[in-house]
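2 protein chains.
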Amino acid sequence: MVSRVVFGRGSFNQLGDIIEPKRLNVKAPFIYLVDDVFKGNAELTSRISLAYEDHILFISADTEPTTSQVDDLVEQIILNYKDRPSGIIGIGGGTLLDLAKAVAIMLTNEGVSKDYQGWDLVKSPAIYHVGVPTISGTGAEVSRTTVLTGPERKLGINSDYTPFDQVILDPELTKDVPKDQWFYTGMDCFIHCVESLKGTYLNAFSQSYGEKAFDLCKEIFIEDKGTKEELQDKLMMASWHGGMSIAYSQVGVAHALSYGLGYLLGTKHGIGNCIVFDQLEEFYPEGVALFKEMKKIHNITLPKGICAHLADDEFNTMIDVALGLEPLWENAVGKNWRQTITREKLRTLYEKM
Amino acid sequence: MVSRVVFGRGSFNQLGDIIEPKRLNVKAPFIYLVDDVFKGNAELTSRISLAYEDHILFISADTEPTTSQVDDLVEQIILNYKDRPSGIIGIGGGTLLDLAKAVAIMLTNEGVSKDYQGWDLVKSPAIYHVGVPTISGTGAEVSRTTVLTGPERKLGINSDYTPFDQVILDPELTKDVPKDQWFYTGMDCFIHCVESLKGTYLNAFSQSYGEKAFDLCKEIFIEDKGTKEELQDKLMMASWHGGMSIAYSQVGVAHALSYGLGYLLGTKHGIGNCIVFDQLEEFYPEGVALFKEMKKIHNITLPKGICAHLADDEFNTMIDVALGLEPLWENAVGKNWRQTITREKLRTLYEKM
Numbered sequence: 001m002v003s004r005v006v007f008g009r010g011s012f013n014q015l016g017d018i019i020e021p022k023r024l025n026v027k028a029p030f031i032y033l034v035d036d037v038f039k040g041n042a043e044l045t046s047r048i049s050l051a052y053e054d055h056i057l058f059i060s061a062d063t064e065p066t067t068s069q070v071d072d073l074v075e076q077i078i079l080n081y082k083d084r085p086s087g088i089i090g091i092g093g094g095t096l097l098d099l100a101k102a103v104a105i106m107l108t109n110e111g112v113s114k115d116y117q118g119w120d121l122v123k124s125p126a127i128y129h130v131g132v133p134t135i136s137g138t139g140a141e142v143s144r145t146t147v148l149t150g151p152e153r154k155l156g157i158n159s160d161y162t163p164f165d166q167v168i169l170d171p172e173l174t175k176d177v178p179k180d181q182w183f184y185t186g187m188d189c190f191i192h193c194v195e196s197l198k199g200t201y202l203n204a205f206s207q208s209y210g211e212k213a214f215d216l217c218k219e220i221f222i223e224d225k226g227t228k229e230e231l232q233d234k235l236m237m238a239s240w241h242g243g244m245s246i247a248y249s250q251v252g253v254a255h256a257l258s259y260g261l262g263y264l265l266g267t268k269h270g271i272g273n274c275i276v277f278d279q280l281e282e283f284y285p286e287g288v289a290l291f292k293e294m295k296k297i298h299n300i301t302l303p304k305g306i307c308a309h310l311a312d313d314e315f316n317t318m319i320d321v322a323l324g325l326e327p328l329w330e331n332a333v334g335k336n337w338r339q340t341i342t343r344e345k346l347r348t349l350y351e352k353m
Numbered sequence: 001m002v003s004r005v006v007f008g009r010g011s012f013n014q015l016g017d018i019i020e021p022k023r024l025n026v027k028a029p030f031i032y033l034v035d036d037v038f039k040g041n042a043e044l045t046s047r048i049s050l051a052y053e054d055h056i057l058f059i060s061a062d063t064e065p066t067t068s069q070v071d072d073l074v075e076q077i078i079l080n081y082k083d084r085p086s087g088i089i090g091i092g093g094g095t096l097l098d099l100a101k102a103v104a105i106m107l108t109n110e111g112v113s114k115d116y117q118g119w120d121l122v123k124s125p126a127i128y129h130v131g132v133p134t135i136s137g138t139g140a141e142v143s144r145t146t147v148l149t150g151p152e153r154k155l156g157i158n159s160d161y162t163p164f165d166q167v168i169l170d171p172e173l174t175k176d177v178p179k180d181q182w183f184y185t186g187m188d189c190f191i192h193c194v195e196s197l198k199g200t201y202l203n204a205f206s207q208s209y210g211e212k213a214f215d216l217c218k219e220i221f222i223e224d225k226g227t228k229e230e231l232q233d234k235l236m237m238a239s240w241h242g243g244m245s246i247a248y249s250q251v252g253v254a255h256a257l258s259y260g261l262g263y264l265l266g267t268k269h270g271i272g273n274c275i276v277f278d279q280l281e282e283f284y285p286e287g288v289a290l291f292k293e294m295k296k297i298h299n300i301t302l303p304k305g306i307c308a309h310l311a312d313d314e315f316n317t318m319i320d321v322a323l324g325l326e327p328l329w330e331n332a333v334g335k336n337w338r339q340t341i342t343r344e345k346l347r348t349l350y351e352k353m
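Read top to bottom, the protein sequences are chains A and B.
Heads up, the first sequence is in the numbering used here, so the first residue is 1 and it goes up one at a time.
Heads up, the second sequence is in the numbering used here, so the first residue is 1 and it goes up one at a time.
Just so you know, these hints were derived from the structure itself, not from any lab.
The beta carbon of each residue, even a glycine, is placed where N, CA and C say it ideally should be.
Do not take every clue at face value.
[What the hints assert, rightly or not] The list that follows gives simulated cross-link-like pairs (lysine-lysine, DSBU-like), each with its CA atoms no further than 35 Å apart:
id, chain 1, residue 1, chain 2, residue 2
1, A, Lys335, B, Lys123
2, B, Lys123, A, Lys198
3, B, Lys82, A, Lys198
4, B, Lys225, A, Lys295
5, B, Lys198, A, Lys228
6, B, Lys292, A, Lys82
7, A, Lys123, B, Lys22
8, A, Lys175, B, Lys198
9, B, Lys225, A, Lys123
10, B, Lys82, A, Lys22
11, B, Lys292, A, Lys218
12, B, Lys218, A, Lys228
13, B, Lys175, B, Lys292
14, A, Lys22, B, Lys123
[Claimed, not checked] Reference excerpt, derived from the structure (chain A facing chain B, CB under 7 Å, subset only):
id, residue
15, Met1
16, Thr200
17, Tyr201
18, Leu202
19, Ala204
20, Phe205
21, Ser208
22, Lys212
23, Asp233
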């Protein structure tokens, strides 16, 4: 679990004071990985105080993070600095947070990041890493995974060393998120809750977190309960609780199929989940009905026909990626999931998207 | 925050496997502080595997933990072992968990524990410490405090080093808790939620945790929703979320007055909170109404007249302890709490108990 967290509007201002005691020496910099939408945004960047060799790397979140991107960042950091960094600070959405977690791990573990995709393969503790979410919903700020697209699969580095040492939850940082993205990423959280609460891995721990996040999603996306600021605060907490819920259970069908889309087409995780979830009445009838209601309330139109012109081998690639995520299927359908989750069934679902 | 947590019926069996990698060397034992109600209870003790110089200390929870008790335990451990222990494992209710946290801190910090009562006075990280609650409600398993009765006051050691490194939440361990104690300790959680949700320190973080714990308390103590096992699971999670809620806000009037009772009369925290809360309609009207309903449903009769024969100086002692807890009053009543919270008012409240 995340060891330390601060919450509050404006709490981003505490970042410098929080990390300074973690500086190892003047040659061991803090490296900031920041979503490049904030490049030139003084409101955020002026509040990052750089000392000694500290450095900001602006990174685009237009594409999902990849293992080779992680390896390149790690190499760049090793080549540029004599000492191992004092810490990695990720500022952005799920992409930036996952990159920060993966880079922090790969700075202390040998080899390349694709070798660590899976469960509990990381051997050495990561270097100190801090997460500052600027959009709410992914749960990446609290999860023990960092989802990467590798040469063979889209899969997380799941380990006890993955979670951030420190998280700063400042809902004010989410105020400029475009509406569509707000919705898609918020739905990532909603879908986490549905997959967790309807899964066979459910336990009272996950359930209590999942129920709270689910209730908050309803307050935000259906009842529209509160001021703009209160809704931002609530969504940040929904993301947190939704992330905690799946950390102690597992996601399900939507995530498995969405990883297939992401791997083949590069579909971003938030919108990909929405496109998939829209077709999953069979698995999650109440959840999908609520989702369609939310879409309507917020006037969201999802892309259609993204799989319309795919060839057989492309469908097969997506199906391979999706079927490879065994724990997700077992959670969603049970131990005998292979009896009902056939390649044909997944092909039919993908064809509808 | 607690870095690692496992949850589940039977998860206590994992204790040995979880702590073994933390063993520093064969001369650095694990010391178990265990509630003496489990002495001779093979169902629990046979599942603690002792190696090398590991040792179980059975400790009574009949009295609230004191600073001198902590100092004695630390001295005993230092004198008996050549090396500093590999870890301290607390197994029991709030008393045992708080003792374990305090001993772990005092093994690495100079002086005596009374010097650390307050906020953020601890200098060095505690040794590895593990909490295993066997009764639900106190939130001690998740809090950043360890409440001790000292020579001058009843006050916690609140610090970033206080929380457990590892918690094992096994609801099965709570199955033999006597009904009265189940109620009193459960009400500790309920009261945490009311004090947090009605406090001026409230924020969306604390609120989301507090609301979930509050809802769970209603399901357990009013709606009686679920099997015996499900209710145990839920109460363990309510305690956790309630503890998280106050960790990021603060408790209030009930705890302030209850600390006074505890200091003077040694009243145990759970029942003390109930005796106090029963008189707090003025501060928490809805919460107290629900509490009275719960008392009725579960046929609980609280002691009466515990302050009936106290002398003036005794009342004054309790009032001094209660008024000394400034953050609690500020949370409950606001910055100008001194205008309304007079010594006379507290005397009148205590006289009703």
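Here is how each hint holds up against the structure:
no., hint, in the structure
1, A/Lys335 - B/Lys123, "50 Å, violated"
2, B/Lys123 - A/Lys198, "45 Å, violated"
3, B/Lys82 - A/Lys198, "52 Å, violated"
4, B/Lys225 - A/Lys295, "33 Å, holds"
5, B/Lys198 - A/Lys228, "22 Å, holds"
6, B/Lys292 - A/Lys82, "66 Å, violated"
7, A/Lys123 - B/Lys22, "15 Å, holds"
8, A/Lys175 - B/Lys198, "27 Å, holds"
9, B/Lys225 - A/Lys123, "43 Å, violated"
10, B/Lys82 - A/Lys22, "32 Å, holds"
11, B/Lys292 - A/Lys218, "31 Å, holds"
12, B/Lys218 - A/Lys228, "30 Å, holds"
13, B/Lys175 - B/Lys292, "25 Å, holds"
14, A/Lys22 - B/Lys123, "15 Å, holds"
15, Met1, "6 Å, holds"
16, Thr200, "14 Å, violated"
17, Tyr201, "11 Å, violated"
18, Leu202, "11 Å, violated"
19, Ala204, "4 Å, holds"
20, Phe205, "4 Å, holds"
21, Ser208, "4 Å, holds"
22, Lys212, "4 Å, holds"
23, Asp233, "4 Å, holds"
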